[in-house]
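What follows is each chain in one-letter form.
There are 2 protein chains.
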Amino acid sequence: MSPHRPRALAPIVRVPGLDYDVLDELLGYSLRRAQVAMFGAFHEATRGMDITPPRFTALVIIGANPGLSQSVLGRVLGIARSGAMVLTDWFEAQGLVERKRRPNDGRAWGLHLTRRGEQRVASLKARVRRHDLQRARRLSAEERRVLLRLLEKLCG
Amino acid sequence: MSPHRPRALAPIVRVPGLDYDVLDELLGYSLRRAQVAMFGAFHEATRGMDITPPRFTALVIIGANPGLSQSVLGRVLGIARSGAMVLTDWFEAQGLVERKRRPNDGRAWGLHLTRRGEQRVASLKARVRRHDLQRARRLSAEERRVLLRLLEKLCG
DNA sequence: GGGCGTTTGTTATAGACGATTACAATTCCC
DNA sequence: GGGAATTGTAATCGTCTATAACAAACGCCC
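Protein chains in written order, with the numbering used here: chain A, 1 to 156; chain B, 1 to 156.
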């Protein structure tokens, strides 16, 4: 029916009694594991809605920055232009995003949420935020703040 | 020449002047961005060595837990058994890992590093650790410790 | 000890995702 | 104006991973 259906990512379980050696000291590995864990929360939040992380990010970015181009969208997502186009095609087919010509630049499209897209992204934001908080409930509010700050600092 | 050559992952750049809306408050997104950034360090560390993150993890795990089975390896990596097998096939073709029959269990193989595999993993660990530290140099030693602890706590 | 469900490795197949390349239209800059 | 750069588009390829099906070996239970 739907062209793509987001699948659950297999969790990276910590096998008891196994020696993880240097992996526990590496930020790269720890971040990967944490990211997969949080992806699980995302998957729950968007179950049955045909939404993947890149799609969610794209909808939020377009909603907050109406009129941006596909190239910029690709740069934000860290994918090539061709991928940004496939994404936009899908959004358009779903009636969530529309391309509008720009008066000053005949090359680039301007991306905008449709009315339906706005409703969808509002709903998604609420769900994703709720599940993100829920999955990270082992952290206190203070710890969560610290974590976000350190991640921000890490990426510069 | 080499069958697979790991490619660099496009970085997720922070486009200046763009509104990221709710994304900055989501652990899932922040973790993803940080993970991609640290993946860049990994890519540098292993340039030209035909090593991907799963391959590195697998080599370290096999080295620290000789005799483990392909199924357990798959569980550690968060991939299906079939994937663990493709991985093991590749290691064997490279002469880094060998499968040995187990006396008590005729189904599962026991995975072991070869002499060459041991040398390779020792070299890789040193390089990856160095680049991991280097890429995260914006963080003080204390901040790095805190970050690792929070990530550990998050995953439970 | 016989039988049945489970686990493991294996193989083949399919799908998702993104990169790469090439091309045409447009814009920018000297 | 004219050449370099940017944008969208299309076609193609490669990599990774899941899924399903199968055979062999194991464990359990009576």
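Worth flagging that the hints you see were computed from the coordinates, not collected in a lab. Treat the hints with caution; some may be incorrect.
Simulated pairs of lysine to aspartate or glutamate, EDC-like, Cα-Cα distance not exceeding 16 Å [unchecked claim]:
{"id": "1", "chain 1": "A", "residue 1": "K153", "chain 2": "B", "residue 2": "E142"}
{"id": "2", "chain 1": "B", "residue 1": "K125", "chain 2": "A", "residue 2": "D19"}
{"id": "3", "chain 1": "A", "residue 1": "K125", "chain 2": "B", "residue 2": "D19"}
{"id": "4", "chain 1": "B", "residue 1": "K125", "chain 2": "B", "residue 2": "E143"}
{"id": "5", "chain 1": "B", "residue 1": "K125", "chain 2": "A", "residue 2": "D24"}
{"id": "6", "chain 1": "B", "residue 1": "K153", "chain 2": "A", "residue 2": "D24"}
{"id": "7", "chain 1": "A", "residue 1": "K125", "chain 2": "B", "residue 2": "D24"}
{"id": "8", "chain 1": "A", "residue 1": "K153", "chain 2": "B", "residue 2": "D50"}
{"id": "9", "chain 1": "A", "residue 1": "K125", "chain 2": "A", "residue 2": "D50"}
{"id": "10", "chain 1": "A", "residue 1": "K125", "chain 2": "A", "residue 2": "E44"}
{"id": "11", "chain 1": "A", "residue 1": "K153", "chain 2": "B", "residue 2": "D89"}
{"id": "12", "chain 1": "B", "residue 1": "K153", "chain 2": "A", "residue 2": "E143"}
{"id": "13", "chain 1": "B", "residue 1": "K125", "chain 2": "A", "residue 2": "E142"}
{"id": "14", "chain 1": "B", "residue 1": "K125", "chain 2": "A", "residue 2": "E25"}
{"id": "15", "chain 1": "A", "residue 1": "K100", "chain 2": "A", "residue 2": "D89"}
{"id": "16", "chain 1": "B", "residue 1": "K125", "chain 2": "B", "residue 2": "D50"}
{"id": "17", "chain 1": "B", "residue 1": "K153", "chain 2": "A", "residue 2": "E44"}
{"id": "18", "chain 1": "A", "residue 1": "K153", "chain 2": "B", "residue 2": "E143"}
{"id": "19", "chain 1": "A", "residue 1": "K125", "chain 2": "B", "residue 2": "D89"}
{"id": "20", "chain 1": "B", "residue 1": "K125", "chain 2": "B", "residue 2": "D19"}
{"id": "21", "chain 1": "B", "residue 1": "K153", "chain 2": "A", "residue 2": "D50"}
{"id": "22", "chain 1": "A", "residue 1": "K125", "chain 2": "B", "residue 2": "E25"}
Chain B residues, not near chain A, derived (Cβ > 10 Å throughout) [as the list claims (entries may be wrong)]:
{"id": "23", "residue": "R47"}
{"id": "24", "residue": "T57"}
{"id": "25", "residue": "E92"}
{"id": "26", "residue": "G95"}
{"id": "27", "residue": "R102"}
{"id": "28", "residue": "N104"}
{"id": "29", "residue": "D105"}
{"id": "30", "residue": "R116"}
{"id": "31", "residue": "R135"}
Computed, partial: chain A to chain B, Cβ under 8 Å [to be verified]:
{"id": "32", "residue": "L31"}
{"id": "33", "residue": "R81"}
{"id": "34", "residue": "V86"}
{"id": "35", "residue": "L139"}
The structure presented is a predicted model; accordingly, all values stated were derived computationally and were not measured. Just so it is clear, CB atoms sit at the ideal spot from N, CA and C, and this is done for glycine as well.
Hint check:
1. Distance check on the hinted pair: A:K153 and B:E142 sit about 14 Å apart at the alpha-carbon level, within 16 Å; holds.
2. Taken as a hint, the B:K125 and A:D19 pair is honoured in the structure, with Cα atoms around 15 Å apart against an allowance of 16 Å.
3. As the CA atoms of A:K125 and B:D19 are separated by approximately 15 Å, the hinted pair is consistent with the 16 Å bound.
4. This hinted pair does not check out: B:K125 and B:E143 have alpha carbons roughly 22 Å apart, beyond 16 Å.
5. Of the supplied pair hints, the one linking B:K125 and A:D24 holds, its CA atoms being roughly 12 Å apart against a limit of 16 Å.
6. The suggested pairing of B:K153 with A:D24 holds, with an alpha-carbon distance near 12 Å, which does not exceed 16 Å.
7. Under the criterion of a C-alpha separation no larger than 16 Å, the hint pairing A:K125 with B:D24 is consistent with the structure, at around 12 Å.
8. A threshold of 16 Å between alpha carbons decides the hint, and for A:K153 with B:D50 the separation of about 30 Å lies outside it, so the pair is violated.
9. Our distance criterion of 16 Å between C-alpha atoms is met by A:K125 and A:D50, whose separation comes to about 15 Å.
10. Distance check on the hinted pair: A:K125 and A:E44 sit about 13 Å apart at the alpha-carbon level, within 16 Å; holds.
11. With a CA separation close to 40 Å, the supplied pair A:K153 and B:D89 exceeds the 16 Å bound.
12. A hinted pair counts as satisfied when its Cα atoms are at most 16 Å apart, and B:K153 with A:E143 qualifies at roughly 10 Å.
13. Among the hinted pairs, B:K125 with A:E142 is inconsistent with the structure: their alpha-carbon atoms are about 34 Å apart, more than 16 Å.
14. Our distance criterion of 16 Å between C-alpha atoms is met by B:K125 and A:E25, whose separation comes to about 11 Å.
15. At roughly 13 Å between alpha-carbon atoms, A:K100 and A:D89 fall within 16 Å of each other, so this suggested pair holds.
16. Between B:K125 and B:D50 the alpha-carbon distance is near 15 Å, which keeps this suggested pair within the 16 Å criterion.
17. The suggested pairing of B:K153 with A:E44 is violated, with an alpha-carbon distance near 21 Å, which exceeds 16 Å.
18. Restraint check for A:K153 and B:E143: the C-alpha separation of about 10 Å stays at or below 16 Å, so the hint holds.
19. The straight-line distance between the Cα atoms of A:K125 and B:D89 is roughly 43 Å, outside the 16 Å bound, and the hint therefore fails.
20. For a cut-off of 16 Å, the pair hint linking B:K125 to B:D19 is broken: about 39 Å separates their Cα positions.
21. Pair hint B:K153 plus A:D50 does not hold up; C-alpha atoms about 30 Å apart against a cutoff of 16 Å.
22. At roughly 11 Å between alpha-carbon atoms, A:K125 and B:E25 fall within 16 Å of each other, so this suggested pair holds.
23. B:R47, annotated as away from the interface, keeps every beta carbon of chain A farther than 10 Å; the closest lies near 15 Å.
24. Against chain A, the non-interface label of B:T57 is violated: not every CB pair exceeds 10 Å, the least being about 7 Å.
25. With a closest Cβ-Cβ approach of about 21 Å to chain A, B:E92 is found to remain outside the 10 Å limit, as its non-interface label requires.
26. With a minimum CB-CB distance of about 21 Å to chain A, B:G95 clears the 10 Å threshold, and the non-interface call stands.
27. Chain A leaves B:R102 outside its interface by the beta-carbon criterion, the shortest separation being 17 Å against a cut-off of 10 Å.
28. For B:N104, the non-interface assignment is confirmed: its Cβ lies about 17 Å from the closest Cβ of chain A, beyond the 10 Å cut-off.
29. The Cβ of B:D105 lies farther than 10 Å from every Cβ of chain A, with a closest approach of about 17 Å, so its non-interface assignment holds.
30. No beta-carbon of chain A is positioned within 10 Å of the beta-carbon of B:R116; the least distance is around 18 Å.
31. Here B:R135 does not stay apart from chain A, with its beta-carbon only about 8 Å from theirs, under the 10 Å limit.
32. Below 8 Å, beta-carbon pairs count as interface contacts, and A:L31 has one with chain B at about 4 Å; its hint therefore holds.
33. Of the supplied interface hints, the one on A:R81 is violated, with its beta-carbon coming no nearer than about 11 Å to a beta-carbon of chain B, more than 8 Å.
34. A distance limit of 8 Å between C-beta atoms decides the matter here; for A:V86 the minimum to chain B is near 15 Å, and the interface restraint is violated.
35. For A:L139, the shortest C-beta to C-beta distance to chain B is roughly 6 Å, which falls under 8 Å, so the interface hint holds.
Hint compliance for this structure: hints 4, 8, 11, 13, 17, 19, 20, 21, 24, 31, 33 and 34 are not met, and every other hint is.
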